[in-house]
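Participant: Listed below, chain by chain, are the residues.
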Amino acid sequence: MTTTPTGDLTVVTAGAAMFADTLRSQGVATTEVSWLPPVAGSEGALTSVMLDRRRTAANAQALDAMTAAGASLVDVRPARDALGLDAGHFLHAGPPIDWERMSGPLRGALVGAVVYEGLVETPEQAERRLAAGDFSFEPAHHLGAVGPMAGVVSPSMWMFELHDDVHDRRSWCSLNEGLGKVLRYGAYSPDVIDRLRWMGDVLGPALQTATRSAGPIDVLAIVAQMIQMGDEGHNRNRAGTLMLLKEWLPALIRSGLPTDDVAAVVEFVSGNDHFFLNVVMPACKLMTVAGNGVPGSTVVTTMARNGTDFGIQVSGLGDRWFTGPAQVAEGLYLANFGPDDANPDIGDSAITETAGIGGFAMATAPAIVRFVGGTVADALATTRRMYDLCVGENRRWALPIMDFRGTPTGIDATSVLRTGQLPQINTGMAGRVAGVGQVGAGLVSPPMECFEAAVEGLAEAVPPTA
Amino acid sequence: MTRTVEVRSGAYRDSVGLMQISTQLRTLPGVEAALVAMATELNVELLDSMGFDRPASTSPNDMLVAIEAADDDAVAEALRVLEAALTAAPAPGGEGATDVAPPTVLAAARRSPARLALISTPGAVAAIDAADALGAGLDVMVFSDNVAVEHEIALKEMAADNGLLVMGPDCGTAVIDGIGLGFANVVRPGPVAIVAASGTGAQHLMALLDGAGVGVTHCVGVGGRDLSDQVRGRSTLAALDRLDADDSVTTIVVVSKPPADDVADLVTAHADGLRTPTVLGYLGPGRPDITATAQRVVEATGATWQQPRRWGGDAPLPRDGDLRGLFTGGTLCDEAMLIATQQLGPLASNIPLAGGTRLDADLASQGHTFIDFGDDQLTVGRPHPMIDPTLRLERLAVEVADPSCAVVMLDVVLGHGAHTDQATDLAAAIRDADTPVVVSLVGTRDDPQGIEAQAQTLAGAGAIVHASNAAATREALSLLGQHAHKDMP
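Protein sequence lines, in the order shown, are assigned to chains A and B. For the numbering used here, add 1 to where a residue sits in the first sequence, where the first one is 1. For the numbering used here, add 90 to where a residue sits in the second sequence, where the first one is 1.
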């Protein structure tokens with residue numbers, strides 16, 4: 002008050018509208034909160050967490066770490082080398098789950114991976130032995146890796162390897178197989194397995210050569226450009242894919258590989274608009290993991306789904322999962338598929354929203370707003386709403402349509418509970434039945450239960466006041 | 091001539107933005123040439139042609155910064171301006187920034203230059219919103235009541251961590267830079283600043299000062315529990331420091347119930363260390379009433395004290411029976427009881443003084459009875475009686491029909507936020523009643539309701555109206571028959 006001359010007072014008001022009215026009648030500018038009660042039952046935990054004296058600084062620290070992280074593509078190599086994955090061990094998307102509760106597409110992808118690894122002869126055998134517990138699996142997140150949709154990784158699959166040179170940390174993701182009938186959507190027919198073999202025999206080694214020659218490739222810089230070119234980094238990766246290909250091309254051409262192989266690799270990459278998604282995801286994982294583990298921070302550092310459960314992690318509680326039932330996306334369906342054919346939400350790709358792009362950057366991707374069931378105005382409003390759920394912005398990723406504001410970054414679990422507004426995720430939809438593949442794409446939200454449980458956990462971890 | 095070339099990797103910016111920054115740097119004194127651009131082939135060649143040394147190796151994802159200037163200082167200044175331009179938040183503008191209603195205090199704070207938040211959300215969750223305001227770097231006034239005391243302490247600790255101020259909880263009134271927040275009277279600007287643990291007490295003091303021609307620029311409410319043993323004056327001390335730093339303030343007044351002894355010592359010691367003279371206006375048994383405190387403050391500013399006004403006709407003859415006080419302001423009710431107890435002995439109330447009788451939940455009168463309709467327990471799920479007079483009007487009808495009731499005393503608090511015309515509602519009930527009604531009217535000339543108009547309406551209906559609550563109480567007491575007094579058999 003000592004530095005505010007009369008007439009310059011502006012007041013934020015929350016609650017009774019009459020107080021804003023009386024301020025305006027005195028000529029005072031007001032900004033009124035569009036206040037709603039917090040999610041019922043969460044009041045006590047929210048109060049404890051909001052009153053945690055560490056919260057503001059901890060969230061700033063988590064945001065700083067996220068936005069300071071680096072992410073460069075440094076190598077492409079098989080999972081057994083990159084992640085030390087042993088034969089018979091597999092990774093999958095989302096929080097932990099056992100075979101019994103697993104959805105069709107995740108089971109299908111594991112079946113395909115077991116077949117691909119040559120551990121069995123037929124899908125039927127694979128299913129039997131998986132059900133018998135002959136093979137082990139765990140979330141990719143547990144090893145710092147991520148996978149789209151089913152996210153299944155087996156030792157022979159080739160992985161993108163990204164490095165954060167600021168925090169000296171690595172993350173990995175498999176190579177994108179394309180759209181339609183593919184393993185990550187739970188398909189395991191012979192053509193799916195054949196494609197995986199070609200990826201292991203030709204694509205992986207060629208990209209390894211190109212990456213080792215051209216790299217490290219600054220993935221965050223490509224993302225910064227792609228989001229100014231109509232990509233939001235989750236459901237649209239067209240510009241990013243071409244920019245990555247551009248980085249590789251000279252090295253591919255000079256590689257001495259057979260011309261037909263080089264051409265096939267270029268055709269495969271350029272023919273799949275989502276190829277770059279599998280590079281964006283580990284880059285986002287490097288960002289979010291950099292912000293993880295700050296005591297008192299309410300920032301969400303993981304959102305991931307396994308087709309049955311939606312799981313989140315929050316910075317203040319490190320690697321603990323908080324889960325709720327995965328929802329079915331709303332959107333558009335391919336061919337004759339409809340809502341009954343869609344599996345609940347699946348995949349680690351919500352790491353993009355966790356890092357501030359995907360649905361959060363919807364405003365920058367008007368080309369796909371109709372595909373995910375909305376108008377351009379909806380897209381702008383979505384990004385604006387996401388700013389209000391986040392602790393800050395990522396200045397490295399500026400959105401031209403938002404007057405070059407940075408992407409909304411660092412979902413605050415308390416803001417979700419307080420406003421009842423959920424993070425928006427852009428997503429593909431897998432068929433409910435193993436083997437079907439992709440049935441559509443659309444929008445989905447996490448279940449509120451995840452955030453309720455996470456804030457409950459954060460409240461229990463608030464140190465008693467002295 | 092000094093030249094510098096830097097390569098910053100991983101710092102992608104769009105070319106238009108960088109061209110704007112380059113242009114800005116070139117206009118700085120002493121700067122001959124400046125190029126800030128992504129290290130594309132074209133830009134590296136441009137660098138060459140400007141006569142800068144080409145950096146060893148660059149990629150198009152690197153940012154080039156090249157400056158040629160008269161001396162090292164000019165280069166340093168250019169780099170400083172560059173950093174500022176690169177980190178500056180873009181001006182919020184267009185529909186992008188403001189189109190969605192802010193769902194939280196933080197979201198609202200980001201859309202506004204505000205440094206203060208006024209929270210009036212339900213008490214059970216108000217601490218959440220107040221903590222959000224503090225996290226956003228705002229001072230906060232918590233109007234909400236029924237906030238747990240441990241949450242109050244936590245909020246005030248958070249505020250102290252960040253050099254911020256918590257007003258409240260249960261802070262009914264504040265004036266900041268002459269602007270009224272919550273229930274606030276329109277007072278003339280002036281040299282007095284108030285720190286108030288009491289809402290209506292502060293309003294009454296401000297109104298009395300205004301009536302005496304002395305202005306108030308700030309009134310910082312701290313909440314009724316601030317000077318308790320538990321909260322230990324956290325906001326009072328912070329407010330004293332803020333007000334002491336304001337050169338327009340020449341006199342500070344603290345208005346509160348008497349603090350716990352060691353908290354009183356804390357406040358006294360703190361006040362002694364301020365450069366601004368501070369009046370400790372504690373209210374309680376054996377202490378000056380609010381009107382006497384107002385006189386002290388007026389005289390401390392060098393102005394001349396005038397007795398507060400009275401409206402209405404001659405006093406009627408004393409009547410036997412009970413005094414019934416129906417209040418909307420807790421401190422006004424307290425003060426009236428303190429004065430009345432001296433004549434009447436212990437009183438019955440829903441907020442009894444020490445030695446008084448606590449009313450049953452149905453609030454039925456027991457002899458001389460005072461009810462504070464603004465008490466927390468009567469405002470759960472219901473607007474404050476200063477906004478919604480229904481409950482008190484109902485009770486007034488009961489009292490004037492009660493043969494054991496000799497005199498009714500009421501308070502009417504004017505100002506922003508208060509009912510637009512309580513006097514008219516009350517006047518209808520007063521006009522029809524035989525029972526004398528004495529009103530303590532807290533307000534100013536410039537209040538939206540206008541003290542003069544409200545006083546005329548009430549007096550016109552037959553009420554006796556005082557601008558001083560203490561004077562109103564004394565006149566009400568004088569209307570009671572002799573055997574109502576405690577020293578009579």
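Keep in mind that the hints were calculated from the coordinates and are not lab data. You may find that some hints are simply not true.
Chain A residues, not near chain B, derived (Cβ > 10 Å throughout) [what the hints assert, rightly or not]:
#, residue
1, Val-12
2, Gln-27
3, Pro-79
4, Pro-156
5, Arg-171
6, Gly-201
7, Ala-240
8, Pro-251
9, Val-267
10, Arg-385
11, Arg-396
12, Ala-399
Reference listing, derived: stretches of chain A covered by chain B, where coverage requires no fewer than 3 residues with Cβ under 8 Å from a Cβ of chain B [as the list claims (entries may be wrong)]:
#, region
13, 34-45
14, 96-102
15, 176-188
16, 215-226
Here are some, though not all, of the chain A residues that point toward chain B, as calculated from beta-carbon distances under 7 Å [said to hold, decoys possible]:
#, residue
17, Leu-10
18, Val-13
19, Thr-23
20, Arg-25
21, Met-51
22, Asp-65
23, Val-167
24, His-168
25, Ser-256
26, Thr-260
27, Ala-382
28, Arg-419
29, Thr-420
Just so it is clear, the structure is predicted and the values come from calculations on it, not from any experiment. A virtual CB, placed ideally from N, CA and C, is assigned to each residue, including glycine.
Participant: Now tell me if each hint is right for this structure.
Facilitator: Going down the list of hints, with the structure as the test:
1. Val-12: Violated, because the least Cβ-Cβ distance between Val-12 of chain A and chain B comes to about 5 Å, which does not exceed 10 Å.
2. Gln-27: Since the minimum Cβ distance to chain B is about 6 Å, Gln-27 of chain A lies within 10 Å and the statement is violated.
3. Pro-79: holds, 28 Å
4. Pro-156: holds, 32 Å
5. Arg-171: The assertion about Arg-171 of chain A holds, with a minimum of 17 Å to chain B.
6. Gly-201: holds, 30 Å
7. Ala-240: holds, 14 Å
8. Pro-251: Fine: 13 Å to the nearest Cβ keeps Pro-251 of chain A off the interface.
9. Val-267: holds, 21 Å
10. Arg-385: Contrary to the label, Arg-385 of chain A does not stay out of reach of chain B, its closest Cβ about 4 Å off (not over 10 Å).
11. Arg-396: Non-interface label fails for Arg-396 of chain A: nearest chain B Cβ at 7 Å, not farther than 10 Å.
12. Ala-399: At about 7 Å from chain B, Ala-399 of chain A fails to clear the 10 Å cut-off, so the statement is violated.
13. 34-45: holds (count 7)
14. 96-102: With 0 residues closer than 8 Å to chain B, the region 96-102 of chain A misses the three-residue bar; violated.
15. 176-188: With 0 residues close enough to chain B, the hint is violated.
16. 215-226: holds (count 6)
17. Leu-10: holds, 5 Å
18. Val-13: holds, 4 Å
19. Thr-23: This hint holds: Thr-23 of chain A lies near chain B, its Cβ roughly 4 Å from the closest one there, short of 7 Å.
20. Arg-25: Interface hint status for Arg-25 of chain A: violated (11 Å vs cutoff 7 Å).
21. Met-51: holds, 4 Å
22. Asp-65: violated, 13 Å
23. Val-167: violated, 9 Å
24. His-168: Interface hint status for His-168 of chain A: violated (13 Å vs cutoff 7 Å).
25. Ser-256: This hint is violated: Ser-256 of chain A lies away from chain B, its Cβ roughly 20 Å from the closest one there, beyond 7 Å.
26. Thr-260: Violated: closest Cβ of chain B sits about 27 Å from Thr-260 of chain A, beyond 7 Å.
27. Ala-382: holds, 6 Å
28. Arg-419: Holds. Min distance 6 Å.
29. Thr-420: Hint on Thr-420 of chain A: holds, closest Cβ of chain B at ~4 Å, below 7 Å.
Of the hints listed earlier, those the structure fails to meet are numbers 1, 2, 10, 11, 12, 14, 15, 20, 22, 23, 24, 25, 26, in rising order.
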